[in-house]
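Participant: Sequence:
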Amino acid sequence: MSARFFDPDGEVYGLPTFPFRMAPDGYATRRQLRADGLRPGGQRAAAQLLWFSNRRRRTGQPPTLRVAYLYRRDRAKPVRPMTPGRAAALAKAMLARRTCPNCRTDRGYCIPRSLGMCVPCANPS
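All letters in the sequence shown, in the order written, are residues 2 to 126 by the working numbering.
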């Protein structure tokens, strides 16, 4: 645990700040809220987690400072239900992501943005 990121009053970092995995009860990240069927509901971040990420250790690059914003669970609102119109719009958007602009075929997977077309069109054999 890094004590340098323990600032529960927010005097140093502006928001109450805690080290990684040391958040007090009553706070949650967006993903944790979503897993419980909740959303922040317009509230601003109430606290934050700070930690250094050592994922780049193998490449020799220095660790990066990571942040995760925390929201109060008691102010969170339920997730809005999916309406037929939203479901239709989402299905249309996903169809556009699966359709190759070159051959106009629904490939069944999202077309890689790095290629700009489906894999068979990008690598003809």
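One or more hints might be untrue.
Ranges between beta-carbon positions, derived for each pair [stated by the list, open to error]: (1) Q44 <-> P121: 40 to 48 Å; (2) R67 <-> R45: 18 to 26 Å; (3) D10 <-> R31: 21 to 29 Å; (4) T100 <-> Q62: 34 to 42 Å; (5) M95 <-> V13: 42 to 50 Å; (6) R81 <-> R45: 14 to 22 Å.
Note that these hints are calculated values from the structure, not bench results. Quick reminder that beta carbons are idealized off the backbone N, C-alpha and C, glycines included.
Participant: Between D10 and R31, does the beta-carbon spacing fit 21 to 29 Å?
Facilitator: Distance hint for D10, R31 holds at roughly 24 Å.
Participant: Taking the beta carbons of R67 and R45, is their distance inside 18 to 26 Å?
Facilitator: For R45 against R67, whose Cβ atoms are near 20 Å apart, the range 18 to 26 Å holds.
Participant: Taking 14 to 22 Å as the stated bounds, is the beta-carbon spacing between R81 and R45 within them?
Facilitator: holds, 20 Å
Participant: Does the hinted range 34 to 42 Å hold for T100 and Q62 at CB?
Facilitator: holds, 38 Å
Participant: Check the following: the C-beta atoms of Q44 and P121 are separated by a distance inside 40 to 48 Å.
Facilitator: holds, 47 Å
Participant: With respect to the beta-carbon atoms only, verify the hint that M95 and V13 lie 42 to 50 Å apart.
Facilitator: holds, 44 Å
In this structure, every one of the numbered hints holds.
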